[in-house]
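Here is how the chains run, residue by residue.
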Amino acid sequence: MDASTIVCKCEEINIAEIELAIKSGANTFDDIKRLTRCGMGPCQAKICTNLVRQIISESLEVPLSEIRPPRLRMPLKPTRISALVGNEVSSSVISVFSESAPQEDDENHG
Amino acid sequence: MAKQYDVVVIGSGVVGSSIAFHLSEGGQKEILVIDKDYPLSGTSGSTQAWVWVHNKTPSWYGELSMLSAELYPFLERKIGDVEYKRTGGIAPFFNESDRESALRLAEKQAEVGIEIDVLTRDQVLEKEPALSPNIAGATFSKIDGNVNPFRLVELYIRAAKKNRVQFSFYNPVIDIKRDKGIFEITTKKEVFRAKQLVLAAGPWTKGVGKLLGVDIPVKQVRGQILVTEPLAPLIKHTIGGMRQADNGEVLIGYSKEEVGYDRRTTLDVIQDTAKMAVEYLPDLAKANIVRCFAGVRVIPNDGQPILGEIPTIDNAYVAVMHSGITLSPLVGTVMTELLIQGETSIDCDKLRLDRFSEFKSYV
Numbered sequence: 001m002d003a004s005t006i007v008c009k010c011e012e013i014n015i016a017e018i019e020l021a022i023k024s025g026a027n028t029f030d031d032i033k034r035l036t037r038c039g040m041g042p043c044q045a046k047i048c049t050n051l052v053r054q055i056i057s058e059s060l061e062v063p064l065s066e067i068r069p070p071r072l073r074m075p076l077k078p079t080r081i082s083a084l085v086g087n088e089v090s091s092s093v094i095s096v097f098s099e100s101a102p103q104e105d106d107e108n109h110g
Numbered sequence: 001m002a003k004q005y006d007v008v009v010i011g012s013g014v015v016g017s018s019i020a021f022h023l024s025e026g027g028q029k030e031i032l033v034i035d036k037d038y039p040l041s042g043t044s045g046s047t048q049a050w051v052w053v054h055n056k057t058p059s060w061y062g063e064l065s066m067l068s069a070e071l072y073p074f075l076e077r078k079i080g081d082v083e084y085k086r087t088g089g090i091a092p093f094f095n096e097s098d099r100e101s102a103l104r105l106a107e108k109q110a111e112v113g114i115e116i117d118v119l120t121r122d123q124v125l126e127k128e129p130a131l132s133p134n135i136a137g138a139t140f141s142k143i144d145g146n147v148n149p150f151r152l153v154e155l156y157i158r159a160a161k162k163n164r165v166q167f168s169f170y171n172p173v174i175d176i177k178r179d180k181g182i183f184e185i186t187t188k189k190e191v192f193r194a195k196q197l198v199l200a201a202g203p204w205t206k207g208v209g210k211l212l213g214v215d216i217p218v219k220q221v222r223g224q225i226l227v228t229e230p231l232a233p234l235i236k237h238t239i240g241g242m243r244q245a246d247n248g249e250v251l252i253g254y255s256k257e258e259v260g261y262d263r264r265t266t267l268d269v270i271q272d273t274a275k276m277a278v279e280y281l282p283d284l285a286k287a288n289i290v291r292c293f294a295g296v297r298v299i300p301n302d303g304q305p306i307l308g309e310i311p312t313i314d315n316a317y318v319a320v321m322h323s324g325i326t327l328s329p330l331v332g333t334v335m336t337e338l339l340i341q342g343e344t345s346i347d348c349d350k351l352r353l354d355r356f357s358e359f360k361s362y363v
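Order-wise, the sequence lines are chains A and B. Mind the numbering: the first sequence is residues 1 to 110 in the working numbering, read in order. Mind the numbering: the second sequence is residues 1 to 363 in the working numbering, read in order.
Quick caveat, the hints were computed from the structure, so don't treat them as lab data. Among these hints, one or two may not hold up.
[Said to hold, decoys possible] Distance condition first, Cα-Cα at most 27 Å in a straight line; then the derived DSS-like pairs of lysine-lysine:
{"no.": "1", "chain 1": "A", "residue 1": "Lys77", "chain 2": "B", "residue 2": "Lys256"}
{"no.": "2", "chain 1": "B", "residue 1": "Lys161", "chain 2": "B", "residue 2": "Lys189"}
{"no.": "3", "chain 1": "A", "residue 1": "Lys77", "chain 2": "B", "residue 2": "Lys275"}
{"no.": "4", "chain 1": "A", "residue 1": "Lys23", "chain 2": "B", "residue 2": "Lys161"}
{"no.": "5", "chain 1": "B", "residue 1": "Lys206", "chain 2": "B", "residue 2": "Lys189"}
{"no.": "6", "chain 1": "A", "residue 1": "Lys23", "chain 2": "B", "residue 2": "Lys162"}
{"no.": "7", "chain 1": "B", "residue 1": "Lys236", "chain 2": "B", "residue 2": "Lys256"}
{"no.": "8", "chain 1": "A", "residue 1": "Lys23", "chain 2": "B", "residue 2": "Lys188"}
{"no.": "9", "chain 1": "B", "residue 1": "Lys29", "chain 2": "B", "residue 2": "Lys3"}
{"no.": "10", "chain 1": "B", "residue 1": "Lys195", "chain 2": "B", "residue 2": "Lys177"}
{"no.": "11", "chain 1": "B", "residue 1": "Lys177", "chain 2": "B", "residue 2": "Lys3"}
{"no.": "12", "chain 1": "B", "residue 1": "Lys256", "chain 2": "B", "residue 2": "Lys108"}
{"no.": "13", "chain 1": "B", "residue 1": "Lys162", "chain 2": "B", "residue 2": "Lys85"}
{"no.": "14", "chain 1": "A", "residue 1": "Lys23", "chain 2": "B", "residue 2": "Lys29"}
{"no.": "15", "chain 1": "B", "residue 1": "Lys286", "chain 2": "B", "residue 2": "Lys236"}
{"no.": "16", "chain 1": "B", "residue 1": "Lys161", "chain 2": "B", "residue 2": "Lys78"}
{"no.": "17", "chain 1": "B", "residue 1": "Lys286", "chain 2": "A", "residue 2": "Lys9"}
{"no.": "18", "chain 1": "A", "residue 1": "Lys77", "chain 2": "B", "residue 2": "Lys286"}
{"no.": "19", "chain 1": "B", "residue 1": "Lys210", "chain 2": "B", "residue 2": "Lys3"}
{"no.": "20", "chain 1": "B", "residue 1": "Lys286", "chain 2": "A", "residue 2": "Lys46"}
{"no.": "21", "chain 1": "B", "residue 1": "Lys161", "chain 2": "B", "residue 2": "Lys29"}
{"no.": "22", "chain 1": "B", "residue 1": "Lys85", "chain 2": "B", "residue 2": "Lys256"}
{"no.": "23", "chain 1": "A", "residue 1": "Lys23", "chain 2": "B", "residue 2": "Lys78"}
{"no.": "24", "chain 1": "B", "residue 1": "Lys206", "chain 2": "B", "residue 2": "Lys256"}
{"no.": "25", "chain 1": "B", "residue 1": "Lys206", "chain 2": "B", "residue 2": "Lys188"}
{"no.": "26", "chain 1": "A", "residue 1": "Lys23", "chain 2": "B", "residue 2": "Lys3"}
{"no.": "27", "chain 1": "B", "residue 1": "Lys210", "chain 2": "B", "residue 2": "Lys360"}
{"no.": "28", "chain 1": "B", "residue 1": "Lys162", "chain 2": "B", "residue 2": "Lys3"}
{"no.": "29", "chain 1": "B", "residue 1": "Lys256", "chain 2": "B", "residue 2": "Lys350"}
{"no.": "30", "chain 1": "B", "residue 1": "Lys161", "chain 2": "B", "residue 2": "Lys85"}
{"no.": "31", "chain 1": "B", "residue 1": "Lys188", "chain 2": "B", "residue 2": "Lys219"}
{"no.": "32", "chain 1": "B", "residue 1": "Lys189", "chain 2": "A", "residue 2": "Lys23"}
{"no.": "33", "chain 1": "B", "residue 1": "Lys162", "chain 2": "B", "residue 2": "Lys78"}
{"no.": "34", "chain 1": "B", "residue 1": "Lys188", "chain 2": "B", "residue 2": "Lys162"}
{"no.": "35", "chain 1": "B", "residue 1": "Lys195", "chain 2": "B", "residue 2": "Lys3"}
{"no.": "36", "chain 1": "B", "residue 1": "Lys180", "chain 2": "B", "residue 2": "Lys206"}
[Stated by the list, open to error] Far from chain B, some chain A residues (derived; all Cβ distances over 10 Å):
{"no.": "37", "residue": "Thr5"}
{"no.": "38", "residue": "Ile6"}
{"no.": "39", "residue": "Ala16"}
{"no.": "40", "residue": "Glu19"}
On a predicted model such as this, the values are computed, not experimentally measured, just so you know. Even glycine gets a Cβ: it sits at the ideal position worked out from N, Cα and C.
With the sequences and hints as input, model every part of the structure.
What follows is the structure, given as structure tokens:
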């Protein structure tokens, strides 16, 4: 792989940039992330986690199993603020009772 | 034999790095900065990074913040582009009854030269059309702004390294002893000696102080922040509660919880923050959140910065404050004066550690 190969698609960060961060002393995914923005985009490191862990492992000559993944945070995928507020007008959650109970003007029910 | 330095700074966040950089400008001192992790792994890397002045009270604290904000353009000339933007700051209020206290704030801050306008609803909406029409008004000042905290700390360190400052990362301090006036600092990796010692470990200063035999009266406070996907330009100003970064993402949050060093994010605060976002900017309801994060902040017990000598220990200093981003240019400057000349160009008496009645020293 070429040093210009992109590892973080969301923020367009390549191998050379990750290696430079490691060279300036960063040893963990999260520390590299804050220097490069790698893993800060919409996918939140879902794609680049293991690619970056591999680069750390190879650069520092530490087994891959010892390289910690980034800290995971809510939400798991992009979520609308209105959904977090919880007051969206059109809710598809309905009452079982009201779905089946006959309405007063519902003459054809049954 | 342990390597000896003129100055050892413990903590490589925005405060410690700024002190190291400003000290290194004179070129006279051999300086080492020690950090238990890596720069930006603590408080300085989990902030919205407002450079916020106008409603810092009492007014002498506002004045310090203003002096520091004034230093930012000059700092950028020295260390490079840290994306400092003097956007102007807006702190909205929702009840007309708050206008009176807003006017009182403006009057108080004017005494130290901080210019605050108390805006009507229409004036607020003229400045920021996306803000909610439910807002009654706001305090506004041109002096407020924000900065990219990642760039800021990275460039402080890069400039310090250029001036031959040494750094030791992923290296917690385990013990501090004094031997004939020289500090002996035992870390996980090695032992260092120092003539002068600066504690600048943010929320972790408490633990480092204990190693030295002093109780630094600070508490830990968690703040949680929401990050949106990159959005088209929505807000131009730094708004008390949120700001939009250069890449379009909006950072939202202003919460304070005393939960020690726990930096988890919690759904209740996330939801409250989302509510605040929509109350301020109704359009944000349609925006996606990509991440939430939390940082452990430090707040001295009386809210004001602690800066200067540790009264009971010769050549030991402390620099710990809540608003490290805002104050870092000034703190680096003043601490350099103190360490080199023994006095500061501005009066820092109010910031002394021994102002606390609960200040305890066991040495």
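Here's how the hints hold up against the structure:
At most 27 Å may separate the alpha-carbon atoms for a hinted pair to count; Lys77/A and Lys256/B meet this at roughly 26 Å. Distance restraint check for Lys161/B and Lys189/B: the Cα-Cα separation of roughly 20 Å lies within the 27 Å cut-off, and the hinted pair is therefore satisfied. Taking the CA atoms of Lys77/A and Lys275/B, the gap is near 19 Å; set against the 27 Å cutoff, the hint holds. At roughly 14 Å between alpha-carbon atoms, Lys23/A and Lys161/B fall within 27 Å of each other, so this suggested pair holds.
Using a Cα cut-off of 27 Å, the hinted pair Lys206/B and Lys189/B holds, with the two alpha carbons roughly 21 Å apart. Taking the CA atoms of Lys23/A and Lys162/B, the gap is near 16 Å; set against the 27 Å cutoff, the hint holds. This hinted pair checks out: Lys236/B and Lys256/B have alpha carbons roughly 25 Å apart, not beyond 27 Å. Restraint check: the Cα-Cα separation between Lys23/A and Lys188/B comes to about 21 Å, which is no more than 27 Å; the hinted pair holds.
Under the criterion of a C-alpha separation no larger than 27 Å, the hint pairing Lys29/B with Lys3/B is consistent with the structure, at around 14 Å. For a cut-off of 27 Å, the pair hint linking Lys195/B to Lys177/B stands: about 12 Å separates their Cα positions. Pair hint Lys177/B plus Lys3/B holds up; C-alpha atoms about 15 Å apart against a cutoff of 27 Å. For a cut-off of 27 Å, the pair hint linking Lys256/B to Lys108/B stands: about 26 Å separates their Cα positions.
Between Lys162/B and Lys85/B the CA atoms are separated by roughly 25 Å; this keeps the pair inside 27 Å, and the hint holds. In summary, the hint linking Lys23/A to Lys29/B is supported, as the alpha carbons are separated by about 26 Å, within the 27 Å threshold. A distance of roughly 19 Å separates the Cα atoms of Lys286/B and Lys236/B; the hinted pair therefore holds under the 27 Å criterion. In summary, the hint linking Lys161/B to Lys78/B is supported, as the alpha carbons are separated by about 13 Å, within the 27 Å threshold.
A distance of roughly 24 Å separates the Cα atoms of Lys286/B and Lys9/A; the hinted pair therefore holds under the 27 Å criterion. For a cut-off of 27 Å, the pair hint linking Lys77/A to Lys286/B stands: about 15 Å separates their Cα positions. Distance hint between Lys210/B and Lys3/B is fulfilled; the C-alpha atoms sit about 23 Å from each other, no more than 27 Å. With a C-alpha separation of about 24 Å, the suggested pairing of Lys286/B with Lys46/A holds against the 27 Å cut-off.
Between Lys161/B and Lys29/B, the direct Cα distance comes to roughly 13 Å. Compliance with the 27 Å bound is thereby established for this hinted pair. Proposed proximity of Lys85/B and Lys256/B is supported: the alpha carbons are some 25 Å apart, at most 27 Å. Proximity of Lys23/A to Lys78/B is assessed by CA-CA distance (about 24 Å); at most 27 Å being required, the pair is judged to hold. At most 27 Å may separate the alpha-carbon atoms for a hinted pair to count; Lys206/B and Lys256/B meet this at roughly 19 Å.
Of the supplied pair hints, the one linking Lys206/B and Lys188/B holds, its CA atoms being roughly 19 Å apart against a limit of 27 Å. For the hint pairing Lys23/A with Lys3/B, the CA-to-CA distance comes to about 24 Å; that is within 27 Å, so the pair holds. Taken as a hint, the Lys210/B and Lys360/B pair is honoured in the structure, with Cα atoms around 10 Å apart against an allowance of 27 Å. Taking the CA atoms of Lys162/B and Lys3/B, the gap is about 20 Å. The hint holds against a cut of 27 Å.
Restraint check for Lys256/B and Lys350/B: the C-alpha separation of about 25 Å stays at or below 27 Å, so the hint holds. Between Lys161/B and Lys85/B the CA atoms are separated by roughly 25 Å; this keeps the pair inside 27 Å, and the hint holds. Restraint check: the Cα-Cα separation between Lys188/B and Lys219/B comes to about 25 Å, which is no more than 27 Å; the hinted pair holds. The straight-line distance between the Cα atoms of Lys189/B and Lys23/A is roughly 19 Å, inside the 27 Å bound, and the hint therefore holds.
Our distance criterion of 27 Å between C-alpha atoms is met by Lys162/B and Lys78/B, whose separation comes to about 12 Å. Our distance criterion of 27 Å between C-alpha atoms is met by Lys188/B and Lys162/B, whose separation comes to about 26 Å. Taking the CA atoms of Lys195/B and Lys3/B, the gap is near 12 Å; set against the 27 Å cutoff, the hint holds. Straight-line distance between C-alpha atoms of Lys180/B and Lys206/B comes to about 25 Å, which keeps the hinted pair within the 27 Å bound.
A cut-off of 10 Å between C-beta atoms confirms that Thr5/A is not in contact with chain B; the least separation is 22 Å. Once the 10 Å rule is applied to beta carbons, Ile6/A is consistent with being away from chain B; the minimum gap is 17 Å. Every C-beta of chain B lies more than 10 Å from that of Ala16/A, the closest at about 17 Å, which supports listing it as non-interface. Every CB of chain B lies more than 10 Å from the CB of Glu19/A, the least distance being 16 Å, so the non-interface label holds.
Checked against the numbered hints given earlier, the structure satisfies every one of them.
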